[in-house]
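Visitor: Sequence:
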Amino acid sequence: MGPALLDRFIPDADVCERFETTIRAPAAVVMRVAVNFDMQSGPVVRAIIRLREMLLGSKRSEPRRPQGLLEETSSLGWGLLDEQPGRFVICGATCRPWLADVKFSPLSPGEFAAYAEPGLVKIAWTLEAEELGAGMTRFAQETRAVATDEGARRRFRRYWRWARFGIVAIRLLILPALRREAERAWAAELDKGAG
8 MGPALLDRFI PDADVCERFE TTIRAPAAVV MRVAVNFDMQ SGPVVRAIIR LREMLLGSKR
68 SEPRRPQGLL EETSSLGWGL LDEQPGRFVI CGATCRPWLA DVKFSPLSPG EFAAYAEPGL
128 VKIAWTLEAE ELGAGMTRFA QETRAVATDE GARRRFRRYW RWARFGIVAI RLLILPALRR
188 EAERAWAAEL DKGAG
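Quick note, the sequence shown lines up with residues 8 to 202 if you use our numbering.
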């Protein structure tokens with residue numbers, strides 16, 4: 008694999024988390040499933056999100072309708088930084104993640120790397136599918152975050168000391184669920200083609 012997709016948006020991160028898995032399905036199928044995957048479909052993920060709300064005193068979330076990952080993050084304020092259909096998606100935003108009711112603000116791809124308004128954290132994340140062979144894909148998700156100044160960095164580090172456990176747990180829970188869903192979708196397509 009070549010240079011990391013996030014290098015041009017956040018080359019020097021305060022936090023970098025990358026997780027990957029191998030999926031028995033073509034990259035296009037994996038990406039279709041990934042962008043449409045309902046991240047909160049699992050009860051443990053919903054519980055982790057609710058725990059954060061309780062710890063920080065957030066407003067109680069409205070009941071939500073099931074929605075795909077890209078649709079949900081876009082509705083929260085994340086912006087699309089780059090995309091190659093069937094291969095990768097890169098999203099990003101600025102925020103103050105330590106706030107109880109965090110607000111995400113999108114930036115254009117051209118302004119993201121240099122953006123430096125004080126008191127914020129820039130976060131960018133990917134969904135990536137790399138074809139390894141016939142019907143075999145390496146799926147990865149990477150997240151990078153960097154504070155725009157030293158004050159924000161201190162606040163973010165305090166927040167990250169405890170919040171990372173839930174955030175990493177969510178990513179680790181999503182990977183096997185997404186793998187199962189993509190493999191099921193590919194098996195259904197194969198069955199349909201054979202029928």
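Keep in mind that a hint or two might mislead.
[Stated by the list, open to error] Listed next, the in silico EDC-like pairs over lysine to aspartate or glutamate satisfying Cα-Cα at most 20 Å (straight line):
| no. | residue 1 | residue 2 |
| --- | --- | --- |
| 1 | Lys110 | Glu124 |
| 2 | Lys110 | Glu78 |
| 3 | Lys110 | Glu79 |
| 4 | Lys66 | Asp108 |
| 5 | Lys110 | Glu90 |
Read the hints as simulated data drawn from the structure, not as lab findings.
None of these values were measured; they are calculated from a predicted model.
Visitor: Now tell me if each hint is right for this structure.
Guide: Okay, the hints, checked on the actual structure:
Annotation: proposed proximity of Lys110 to Glu124 holds, straight-line Cα distance about 15 Å (limit 20 Å). For the hint linking Lys110 to Glu78, the alpha-carbon distance of about 16 Å falls within 20 Å, and the restraint holds. About 14 Å separates the Cα atoms of Lys110 and Glu79, which keeps this hinted pair within 20 Å; it holds. Proposed proximity of Lys66 and Asp108 is supported: the alpha carbons are some 7 Å apart, at most 20 Å.
For the hint pairing Lys110 with Glu90, the CA-to-CA distance comes to about 23 Å; that exceeds 20 Å, so the pair is violated.
This entry does not satisfy hint 5, going by the numbered hints stated previously; all others are met.
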